[in-house]
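S.K.: Residue-level listing of the chains:
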Amino acid sequence: MTSFILKRLASGIAVLLTVSALTFFLLYFSSGNIARNIVGDQASPEQVAAKEVELGLDQPLIFRYFSWLGSAVQGDLGTSWFTSEPVTQALSSRVPVTMVMVFTAMLIIAIVAALIGVAAAVRRGWIDRLVQVAAVVGDAIPGFVIGILLVTLFAIQLGFFPATSTISPGAGATAWLISLTLPVAALVLNGVTGGAQQIRSAVIKQLERDYVRTLRSRGISESEILFKHVLRSAAPAGLTVLSLQLIGMLGGVVIIESIFALPGLGPLAVLSTTQGDLPVVMGVVIYTVVVVIVVNLVVDLLNGWLNPKVRVS
Amino acid sequence: MTLRKPALAMAAIASLALAGCASNTPSSTGGGDGGQGQAQTLTLGILGEPRSWDPSQAHVGHVLQPYQVAYDSLLLREPDGALSPMLATEWEYNEDNTVLTLDLRTDVTFSDGAKFDAEAAKANFDHFREANGPQMNQLRAVDSVAAVDEDTVELTLSAPDPSLEFYLSQAAGLMGSPAALGTESITTEPVGSGPYVMDKASSVPGSQLVFTAREDYWNKDLQKFSSVTLKTLADITARTNALVSGQVDATILDPKAGKQAEGSGMILESNQVDWTGLLLMDRGGEVVEPLADVRVRQAINYAFDRQTILDQVRLGRGSVTSQMFGPDSGAWVEDLEDRYTYDPEKAKELLAEAGYSSGVTIEVPALPAEEPTLLAVLKQQLSDVGITLNVGAPTTTTFTSDVAAKKYPVIQYNLFQGEPWVAINQLISTQALYNPFKTTTPELQALIDDVQTGGTEAAEKAQAVNEYVTENAWFAPLFRIDQMYYHSPKISVTPQVQQAVPSIYNYAPAK
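Here the protein sequences line up with chains A and B, keeping their order. For the first sequence, my numbering gives the first residue as 296, with consecutive numbering after it. For the second sequence, my numbering gives the first residue as 14, with consecutive numbering after it.
Check before you lean on any hint, since a few could be wrong.
Stated by the list, open to error - With a cut-off of at most 20 Å between alpha-carbon atoms, the simulated EDC-like pairs for lysine to aspartate or glutamate come out as follows: (1) K135(B) / D164(B); (2) K269(B) / D287(B); (3) K419(B) / D336(A); (4) K503(B) / E275(B); (5) K269(B) / D324(B); (6) K451(B) / D336(A); (7) K419(B) / E376(B); (8) K419(B) / E341(A); (9) K135(B) / D116(B); (10) K420(B) / D336(A); (11) K524(B) / D234(B); (12) K213(B) / D125(B); (13) K420(B) / E302(B); (14) K128(B) / E167(B); (15) K451(B) / E341(A).
Stated by the list, open to error - Far from chain B, by Cβ distances over 10 Å, these chain A residues were calculated: (16) A316; (17) M394; (18) L402; (19) A409; (20) Q427; (21) R504; (22) R527; (23) L592; (24) L601.
It is worth saying that the hints were derived from the structure and are not from the lab. In this text, a Cβ means the ideal position worked out from N, Cα and C, and glycines have one as well.
Produce the entire structure from the sequences given, and follow the hints as far as they go.
M.R.: This is how it looks when you write it as structure tokens:
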């Protein structure tokens, strides 16, 4: 197990390095003249050149990447070119908002999707048909549309929740709770239907396997078969689906955060990318890649724990 | 971009839904009418925060407002554009407009306790001229700055600058504490003499900035609220929702989102700041040869049915025009307003006369921030007279540098209708970014020189420049855009001339 974790960590670091280098170089080619954008459209060429020197843009690209990497390894991600805020500070105030939202949504999706998915697989009938229809509908309606519907109904018309975030420094749990309810609901509604559908298929596949028939022929009760054997075997597939959903959610959350004006990573990612704010984009990318790597590692570990066969291979 | 259209559709649905319950929405504001205390807070939805709180990095237009919360300027610009005393009580030019002498207040301190005086003003001017900020050109004409005595500062110019007094009410006039200028900490926390000070503990950069009223502020008339919160709401859906639900008191919307706000009792303050249209920049024909012929440029102007375009693109919110100077500028000429009317036959004739009856092809870049339907409509109307408009790939971060590098012969853009000398230096003179091919004529240069040395008559003299560029079809202006600034009945707001977002002094609790 230790060597498995070490191997995964090593490959994670390799991925991190590759992605950071790729992002850095791609941004260089797509970001145009950042210095000109900062000093404004009426600046003289001398002003632009002075700003380039100030930002180190006159240095060779390779040198700039390694100097960024050198600082990043020591925990210094630089300062935003467009807000003067240290990148680590910008991330540390925003990461909790996104994390709380994504992981709460994920937890709810996992529980509800598992319940509905298993019920549909075992009972079949109308629940099953409903899950299948809902999966198609849920897939077709983007999360932000649900978000706008929710905010129109529950925030503007009924006034139960604030239309945009009330999270500020030192805000109590209540502010977090009321600010995150609608965004989390938008993410959950969008994720549950697809998740339930996938879990349903995984459970049905197990139920059709020979070992289930063997167990049944031995007179073992249906509930024992389901909870002791089928779910354990179906879990890896379900976990993988959920982990993919979580990673996909990191994209969907960007729009949800914009609609609800949540001070999370999403708006920061969008703004810094459109402005070409390289230090911030790099910070967001590094953070996101780390989350993806950790989620994958945790899923692999859980799978190994649930299913010994994975561990051996 | 994928978000935008569905979002608008949803906003439309939402506004229909709201129309049904509009009666209960404003009730939350009704209670405030009885007891207007001085303890009222002001919450504004803004599009983005300052890049740095160092006053040398301040910007103009709607980006000036946040600085006004924390900084006083030397001169105060009234809502109608007139200049009033602020930190400077009096100011005067010498005879040939090359030395500007300012008398300063002596009873003002900065939030860090430092005193405002001529030395402090000089420190600010010197810092502004060195710090390479986005508006550094505002002091381009200033040669040297001298603190004559404690309350007198003197600016010596290398050449007259008719905009200098205006600039002293803008970025160049913002005064920060000399001890804090250029330090690391002032980039994230302003140190000014202004009506409000930042409450850093309650602020999250990028989300909301909280300011509280300064107790010993020298001019209580300008300090109308107990606190001011600036909430960053880049997304228009979020801005609309925040306004309609009472989370912000005022914000800027567009005509479509504005319908929803009006449906729930919000009040519109509309004024015109930008014009939109085509900038026919390649007047020498370097890239698109036909553009060198004034008849081709005029044909482009005759090809547009401006009113229809305005109705289609902005629900009629604006005024059609053929000139690029605004009515508030002094350079505006009434007769030029409809110099080019919709006349496709005339356009075809002019093209034939110029020898281009077989057609002309022009490339323009698409700007994602602009209304996407606008270019489509222009393309269609130009094709009716035999001009092909090819809309290129969207550009974002490279736009300004590409313009400077002469990459585009023609662009469609929204441009500020500011003070004449500002507009000339932005769009017409050979130094202007939006004149990258540096076209000029001795005749035009003489008119520009007249404006520069015109002193108090500079704006009027700019009318001749206006007539020249309109007659020679340097541009194809379409319409002036109505800015849609909405606020709740809890506060009163006076629009500011030439600004999409009012100055901070223009807000007050409703009476």
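S.K.: If a hint holds in the structure, say so; if it does not, say that too.
M.R.: Structure-based check of all given hints:
For the given pair, K135(B) sits about 11 Å from D164(B) by alpha-carbon distance, which is consistent with the 20 Å threshold. For the hint pairing K269(B) with D287(B), the CA-to-CA distance comes to about 18 Å; that is within 20 Å, so the pair holds. Taking the CA atoms of K419(B) and D336(A), the gap is near 14 Å; set against the 20 Å cutoff, the hint holds. Pair hint K503(B) plus E275(B) holds up; C-alpha atoms about 15 Å apart against a cutoff of 20 Å.
Between K269(B) and D324(B), the direct Cα distance comes to roughly 12 Å. Compliance with the 20 Å bound is thereby established for this hinted pair. Restraint check for K451(B) and D336(A): the C-alpha separation of about 16 Å stays at or below 20 Å, so the hint holds. Between K419(B) and E376(B) the CA atoms are separated by roughly 13 Å; this keeps the pair inside 20 Å, and the hint holds. A hinted pair counts as satisfied when its Cα atoms are at most 20 Å apart, and K419(B) with E341(A) qualifies at roughly 18 Å.
A threshold of 20 Å between alpha carbons decides the hint, and for K135(B) with D116(B) the separation of about 13 Å falls inside it, so the pair holds. Of the supplied pair hints, the one linking K420(B) and D336(A) holds, its CA atoms being roughly 15 Å apart against a limit of 20 Å. With a CA separation close to 15 Å, the supplied pair K524(B) and D234(B) stays within the 20 Å bound. A C-alpha spacing of about 14 Å is found between K213(B) and D125(B), which places the hinted pair at or below 20 Å, so the restraint holds.
A distance of roughly 15 Å separates the Cα atoms of K420(B) and E302(B); the hinted pair therefore holds under the 20 Å criterion. Under the criterion of a C-alpha separation no larger than 20 Å, the hint pairing K128(B) with E167(B) is consistent with the structure, at around 19 Å. As the CA atoms of K451(B) and E341(A) are separated by approximately 18 Å, the hinted pair is consistent with the 20 Å bound. Every CB of chain B lies more than 10 Å from the CB of A316(A), the least distance being 21 Å, so the non-interface label holds.
No beta-carbon of chain B is positioned within 10 Å of the beta-carbon of M394(A); the least distance is around 16 Å. The Cβ of L402(A) lies farther than 10 Å from every Cβ of chain B, with a closest approach of about 25 Å, so its non-interface assignment holds. Non-interface status of A409(A) relative to chain B is upheld: no Cβ of that chain comes within 10 Å, the nearest being about 31 Å off. Remark: the non-interface label on Q427(A) is consistent with the geometry, its nearest Cβ contact in chain B lying 25 Å away (cut-off 10 Å).
With a least CB separation of 42 Å from chain B, R504(A) remains clear of the 10 Å interface cut-off, as annotated. Distance to chain B confirms R527(A) as a non-interface residue, since its nearest Cβ pair spans about 41 Å, more than 10 Å. The beta carbon of L592(A) sits about 30 Å from the closest Cβ of chain B, which is more than 10 Å, so the claim that it is off the interface holds. For L601(A), the condition that its CB be more than 10 Å from all CB atoms of chain B holds, with the nearest at approximately 38 Å.
Hint check: no violations occur; every hint is consistent with the structure.
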